[in-house]
Amino acid sequence: MTALRRVALCATASAALVATANAQTDFVGDWDQAGGGIFGFQEEFLDRGGGPDLGDFVGLPINDAVRYKASLYSPSWLTVPEHTCLPHPATYAYRSPGGLSVVKEYDAATQKVVAYRFYGTYGLARTVWMDGRAHPSANARHTYEGFSTGRWEGNKLVVETSHLKAGFLRRNGVAHSDRAQMTEYFLRHDEYLTVVTAVDDPVYLDEPFVRSTDFRVNAQANAHLSQFGGFVNGGDTEGFGASDVFFKCAPADEVALPRGAVPSFMPGANHDLDMFAKRHSVPLEAALGGSATMYPEYAPRIRELHDGATARSSPAVAPPRAAVPPPTADAGVSSLHVGGQVWLVSAGGRNVAVQIGPEGVLVVNPGTQQIADAVLAEIRKLAGDKRIHVIIDTNDDPAHIGGNAKLAAGPAPFAQRAAIIAHENSSLRLAGAGVPDRDAPTDTFFRGTRELYFNDEPIEIIHIPAATSDGDVLVFFRKSDVVVAGDVIQDLTYPVIRLKDGGSVNGTIAALNRILDITIAAWRAEGGTMVIPNQGRIYDEGDVAEYRDMLTIVRDRVQDAIKKGLTLEQVRAAALARDYDGRYGAAAGPASASAFIETLYRSLNAGAAAR
Amino acid sequence: MRKKVRSIGVLHLAATLAFCGIAFATAAQPRGPQPPRTARAAAQADLTGTWVAQITEDWRWRMITPPKGDYASVPLNAAGRQLADRWDAAADVAAGEQCRAFGAGGVMRLPTRVKISWADDETLKLTTDAGEQTRLFHFDRKVPADAAPSWQGRSTAEWTGAPPPNPFGPPVVAPVQEASSARRAAAGASPAGGPGGAAAPMPHGGLKVVTTDLRAGYLRKNGVPYSEQAVVTEYYDRLTLFGNDYLQVVTVVTDPTYLTTPFVVSNQFKRERDDSKWHATPCATEPPLGKFQPPVFVQ
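Taken in order, these protein sequences are the chains called V and Z. First residue of the first sequence: 0, per numbering that gives the first Met the number 0; consecutive thereafter. First residue of the second sequence: 0, per numbering that gives the first Met the number 0; consecutive thereafter.
It is worth saying that the hints were derived from the structure and are not from the lab. Values in this document were obtained by computation on a predicted structure and should not be read as measured data. Among the hints, a few may not be true.
Negatives, chain Z to chain V, calculated, CB over 12 Å [to be verified]: (1) Q33; (2) Q97; (3) D139.
Covered by chain V, according to a simulated footprint, are these stretches of chain Z (three or more residues, beta-carbon under 8 Å) [unchecked claim]: (4) 63-72; (5) 213-227; (6) 279-285.
Even for Gly, the Cβ is constructed at its ideal location relative to N, Cα and C.
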């Protein structure tokens, strides 16, 4: 063999092998549903198309908590203004109609693949980072698409997703929480792409929920994507998604729903819960799902239940997942940029908001005395030697004001203390409690709003009467577009409503709705105005709405129980918040499931007495 | 600029020459006779073990026998719909055709456990407890002597997803170390891929199986048909999801007689620790629980 022939053979073989490898694994391009077009579903036809019946939970490894939640789900929930633009979360997006388009993004300098981007279906555009970056910190905000990183496992792309917002697994109220994680495999087989999606959620699932979605190569590149909202080509002239409004969306009043109302069935009042069971002659037990209904050994039980015979076989119920302890706030010190001039400093499980600008530093809720040094050190990292001029306490909780003295003390040689602003009600209670002057507010207000202009930014301090106490304030940084919620949002737990200090459940709900009046989502119910809770991660409008929904729905159930004459013990026994206890119930103390229900009961009963 | 391009071209040529020279020099070295690698030795995925179907999708078409006429989302043509509308389970039993729903076109969609093992170095065997079916995936493409149409037809198999072979040297992928779940369990280890399991190194390829020579059967238990002309193409992959070992099977059924387009479904199977739940049952189709009620959508 001549040298030239060798080289030619070698080059040809190399080129052919590379081409073969690429053809096997690459899924960049445009994809139709497996059956063709945008509605070519060949699995889960009803679920993915017209929508599932109420009470169709078959084949889902759900636990009792989310079964309860879904059984009380009302489709009218989607008419709440904050929900009218909800996108399909990444955990469901590929089940939607529409095509899928996949592109690669390269780093211009290194020409390495940095990310895959996914467009299409009803979901948001999604990025899968391939550059080895780490997932964000626990306090970073969550999104409907989550934060995804990918790696190759042979010819399979494995994608891990965290930082998901609360979403749904089936469009009839079967939810997943914001603690859900997702692992996906993208498998290319000849002209087919299969996306295997596994969702695990310690709050609502007894075991990971796995399903797969098939796509077929779309030879008419982008034709179907453009039919679906025009985000590729600017929209079609008619039909579904005829303009980009379909994807951009703007919240609208679809029905005359009272402000703050959150539609949900009261326990026992959903008379359509057996809709699926009746339509398909499926026993209700089977229709209501659970791990057991996924496995072959459940089939004989279906027949036995249907025939009305005493069930001989016991359902092979998977052992329920051990109760997951509520996450504890990170005790370390860290900081995250929130928006504009505002930063979040987390220390000892508390959130401290810090505005840094040309005039200096403003701090909201300095935290406890114990973490004051750590907070101050973190502020110094962010702001250098800029002086703290203003401190705002969102109420009189010692966990907020304990660091006042330390942070207010100006550094030598100035020794000029910062102003400490709080509502008069908080100030009075602190004075009554004998709090030392160095920790006490220096500047109070009585009216509904106190205005400040600092660091070239208008700042509103908004008093919410009778929220978690009678002295709660929200702090709205107008330019930075950030709201500090204080105790109104705890994120990790139920809110702690101090009835003896003038707090009330209805006032706390009013505070949440006031925040929602301020926030404006940037895109499909997320982004835009950021909100800093008292603890936990950064929120946006979608998260505030979820927290408001929780409190409103549970309030409505307790109110309904009171109307029916149930005693506190009966209300406790009814476990009316059991769909939320796994997410928000603290292990003990005033934010525990039991204490929360008692607080609601007493708050609502007090209201009834006052009327 | 042209000078720079020329320089790069010269460097590229030199690198190619050097690489090919090394490769051919390696290839030219005298080696002993190399026996052809068996399919088992060249496996790109260890699919052996016992797996259980997780019926998380199409539950009412899979876990129970759907009513006659409920063939939503199956791309049947007019002839296929007519045949499905005439389905008679009793007639199937009377004709000894009760295994129609257990053929290769539909069996992987049923609530079943499957056991995969090597029948020999060139044949993977898959058995089901539902319907007690046996499928043989032939890597050597030899037509079995009894090539008459059957429920499971004739299946040819090939590994997919292997890195490009190196034509000049030894194989670039280490052969799969046989490590069935039974052996692992005997050794006290958890199943491959499980938490703490001492799983053997596994290449991350997959298996493609093409099945022809089928007897006419059902895609669903309620008589949704495929014909003897059907071709079933399947893709098998192993996945690890939240510490659990899964077998993913994509099934593509093409049938010029009854389908307008390929029928594509994908199924998940979770690895079983042992065979304690294996429950072999003969082919049987329970009657539907009720009559078909077309969905009504609120416009």
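The hints, checked one at a time:
1. Q33: holds, 19 Å
2. Q97: holds, 16 Å
3. D139: Its Cβ never comes within 12 Å of chain V, the nearest being 22 Å, so this holds.
4. 63-72: holds (count 3)
5. 213-227: violated (count 0)
6. 279-285: violated (count 1)
Hint compliance for this structure: hints 5, 6 are broken, all remaining hints hold.
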